[in-house]
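A.B. asks: Going down the list, the protein sequences come from chains H and Y. The numbering of the first sequence is my numbering, which starts it at 54 and goes up by one. The numbering of the second sequence is my numbering, which starts it at 11 and goes up by one.
Hint data in this document are derived by calculation from the structure and do not stem from the laboratory. Note that the coordinates shown come from a computational prediction; the quantities given were computed from them, not determined experimentally. Just so you know, not all the hints are guaranteed correct.
Said to hold, decoys possible - Simulated crosslink set (BS3-like; lysine-lysine; CA at most 27 Å straight-line): (1) K273(H) to K296(H); (2) K280(H) to K166(Y); (3) K273(H) to K312(H); (4) K273(H) to K166(Y); (5) K270(H) to K166(Y); (6) K94(Y) to K270(H); (7) K350(H) to K94(Y); (8) K312(H) to K166(Y); (9) K139(H) to K464(H); (10) K166(Y) to K256(H); (11) K273(H) to K129(Y); (12) K152(Y) to K256(H); (13) K304(H) to K166(Y).
Unchecked claim - To give an idea of the interface, some chain H residues facing chain Y are shown, with a C-beta separation under 8 Å as derived from the structure: (14) P120; (15) E163; (16) E170; (17) F171; (18) G173; (19) K174; (20) Q176; (21) Q321; (22) L453; (23) R456; (24) D466; (25) Q481.
Just so it is clear, CB atoms sit at the ideal spot from N, CA and C, and this is done for glycine as well.
Chain by chain, the residues:
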Amino acid sequence: MNEETDRALRDGALMDAIMRARLTRRGLLKGAGKGAAALGLGAFLAACAKGTSEAAFDPKQIFGGQPGDKINFANWPLYIDYTKDKEGNRYIPSLRDFTKQTGIEVNFQEAIQSNPEFFGKLQPQLQAGQDTGWDIIVITNGRYFTALVENEWVYPLDPSKHPNFDQNAAKWAKDPTYDPNNKHSMAWQSGFTGIGVNNDLVKGPVTKMDDLANPDKVGKGLVGMLKEDMPDWVMVNLGIDPKTSGPTEWKEAAAWMLKQRDSGVIRQYYDQGYIDDLTAGNLSATMAWSGDVLYYKTWAGYDNLVWNFPEDGALHWVDNMLVPAEAANPAGAIQLMDYYYQPEVATAVTEWVLYLSPVPATKQLILRDAKKAEEQNYKGYANKLLATGDNPYMYPDDTLLGRTSYGRELKTDAEREEWDAIFLPISQG
Amino acid sequence: MAEGGAVQETAAEPGGAQRGLQSRRRLVPYYLLGPAGAWLLVFLLLPMLLLAYTSLQSGGILSGGFHFTWEFSNYVDGVRQYQKFFIRSVEYSLIVTFVALLLAYPMTYWIAFYGGRWKSSLLLLILIPFFVSFVIRTIQWKFILGDNGFILGPLKSLGILPDSYHVLATPLAVVAGITYNFIPFTALPLYVALERIDKRLVEAAKDLYSSRWEAFRHVVWPLSLPGVFAAFLLTFVPATGDYVNAAVLGGPGTTMIGNIIQDKFLTQNDYPEAAALSVVLMLGMLVLASLYARILGTEDSTLAAAAGGAA
């Protein structure tokens with residue numbers, strides 16, 4: 054090759070190499086390598102580099118000062134009070150009221166479909182110490198929540214900035230085991246994992262976990278299980294405390310699950326889409342979240358469905374609001390988070406979402422709304438509100454809560470891999 | 011610049027004008043390749059390289075992220091742990107491809123040979139479902155095949171099927187769903203190949219005392235083999251990696267390798283392992299496709315068929 058060619062290749066760009074000199078196989082590979090390096094690896098290396106400063110956060114400094122004009126709020130689908138205005142456009146009343154009161158605009162996005170997916174999206178930016186674009190995110194307690202806290206990827210909250218929370222939050226929402234002293238989070242909504250039953254298809258009462266492995270009670274090929282909640286839920290019902298469990302206990306739970314699978318009762322292992330099959334009559338019984346079944350039973354008229362609290366215990370999970378590191382408007386974020394602990398606002402959300410509210414005062418307000426509706430002759434609506442307010446699984450007392458447990462927090466990648474190695478093959482089959 | 015250089019070279023030598031023209035002509039193919047080459051580079055080659063790069067990383071998402079460490083154990087562990095799913099996916103997609111060929115061949119044969127004026131409209135009928143999203147069509151099958159839906163419901167109330175019978179969450183539903191989704195991929199290459207066959211050859215065969223069946227066997231079938239080959243590949247390769255049907259219509263015991271890879275990427279955030287499995291799947295498909303091409307190479311097969319016919 055002549056001198057011109059060598060110079061072109063040393064400059065690096067592949068197009069240069071083609072345009073200036075004769076193309077040989079060696080030249081092509083050299084140029085391609087450089088091109089790939091320039092375009093591809095740079096981005097990867099940047100993502101992998103540890104860029105976060107490990108200095109301790111000072112909550113007073115972070116949450117002090119004037120809140121900015123805009124808050125970016127990422128949440129799960131259908132997890133806030135929606136309604137339609139006169140022209141039929143959908144809007145969120147509680148956020149509209151917040152903006153009216155404070156002048157801060159809220160950009161609410163249903164950006165979270167699952168914890169691992171959303172975590173996967175945020176992780177590269179958090180690792181590199183960059184702004185994720187969100188001021189508030191809602192993550193369930195579990196391995197991803199723990200990872201965000203342990204890696205210092207969420208800000209510790211300023212305790213002096215959430216008076217409504219301090220005054221109105223339920224006991225279970227304050228100082229939970231997965232976030233002592235609510236250092237980083239405030240609960241958004243919560244729920245229980247229990248057994249959803251279609252009374253038309255089961256052949257007897259299904260109130261225990263073992264019933265879900267018994268073909269005489271639930272039939273063959275008609276039972277659903279929730280992939281993510283399964284391990285913790287089975288452990289709770291076997292009398293094991295998930296929080297202190299180790300690989301021996303995990304293998305015990307896995308053995309039960311294999312026994313269940315071998316008995317032929319399983320229809321499918323679900324990520325979250327069990328409710329369609331339950332309402333369609335394809336399932337006789339399934340692991341289910343309390344709010345889902347409550348909605349269909351009380352509000353959509355499916356009288357044949359019921360949600361049972363398993364005799365040996367249920368899983369309690371909480372979706373928590375967090376402020377990611379490098380958020381643009383933390384002062385505004387904590388103001389919005391605390392706003393949702395005002396009883397009236399919390400009632401608006403819970404009446405729509407139908408999951409456990411972290412504000413117990415909402416119970417009386419729901420019953421008051423039920424009475425108001427009855428006075429205005431909306432009998433059906435009043436009855437539904439009444440059933441919701443009186444539901445023990447919406448406002449659990451201490452005895453009920455004592456029979457529930459949080460799941461195991463997997464703190465390291467090694468624990469996570471072992472857990473997955475034991476439990477994933479069961480649902481993957 | 012190149013032309014300047016070429017002109018400079020030629021000015022210094024005798025017969026230079028001739029040389030200049032020749033070297034410019036030699037560069038024209040590269041100019042023509044340029045746009046497509048750039049496209050393939052950015053959208054095919056680079057992603058492949060990034061995938062391979064990711065597959066050799068190690069680490070975890072909860073702690074420290076992923077780093078490039080030439081981790082070939084991702085491949086070894088992946089194949090060892092998930093070989094059952096690779097095999098199952100290949101099994102399913104072989105069934106899918108054969109059923110699709112069996113269904114599509116007569117249909118496209120009829121359209122190509124007897125379609126007449128309505129050829130394009132009939133083809134359009136095959137393609138119309140394609141205008142609706144793949145995922146939505148698969149979800150619709152959940153309703154169609156529902157335990158008490160409008161197919162199984164009447165059959166059950168008539169007593170033809172037992173009450174506990176269900177199609178969803180079985181391998182049958184998954185294979186049926188994949189076949190349904192890939193029939194256009196099978197039908198189109200077959201149609202193209204059959205369309206191109208000169209109908210007068212069939213006439214000539216009949217003039218030489220062959221029956222309709224023999225005419226098909228000795229004339230039409232060998233000539234359509236390139237189409238069968240293309241249809242097979244176009245159906246088999248994507249069907250193996252399919253995950254939507256197994257996720258929506260399947261149950262325990264129908265998980266395909268596509269579902270495993272999806273789980274690894276989105277649920278476990280185990281990007282290196284997922285990338286390794288993807289690379290293995292791609293290489294596996296490449297190897298199978300090249301073997302298939304070798305054994306059933308298009309020209310050889312037509313010659314072989316002709317020779318077999320003559321003998």
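A.B. asks: Now tell me, hint by hint, if it's right for this structure.
C.D. replies: Status of each hint after checking the structure:
| no. | hint | in the structure |
| --- | --- | --- |
| 1 | K273(H) to K296(H) | 33 Å, violated |
| 2 | K280(H) to K166(Y) | 31 Å, violated |
| 3 | K273(H) to K312(H) | 14 Å, holds |
| 4 | K273(H) to K166(Y) | 17 Å, holds |
| 5 | K270(H) to K166(Y) | 21 Å, holds |
| 6 | K94(Y) to K270(H) | 33 Å, violated |
| 7 | K350(H) to K94(Y) | 41 Å, violated |
| 8 | K312(H) to K166(Y) | 30 Å, violated |
| 9 | K139(H) to K464(H) | 49 Å, violated |
| 10 | K166(Y) to K256(H) | 19 Å, holds |
| 11 | K273(H) to K129(Y) | 48 Å, violated |
| 12 | K152(Y) to K256(H) | 25 Å, holds |
| 13 | K304(H) to K166(Y) | 41 Å, violated |
| 14 | P120 | 32 Å, violated |
| 15 | E163 | 17 Å, violated |
| 16 | E170 | 5 Å, holds |
| 17 | F171 | 10 Å, violated |
| 18 | G173 | 5 Å, holds |
| 19 | K174 | 10 Å, violated |
| 20 | Q176 | 6 Å, holds |
| 21 | Q321 | 5 Å, holds |
| 22 | L453 | 31 Å, violated |
| 23 | R456 | 29 Å, violated |
| 24 | D466 | 3 Å, holds |
| 25 | Q481 | 5 Å, holds |
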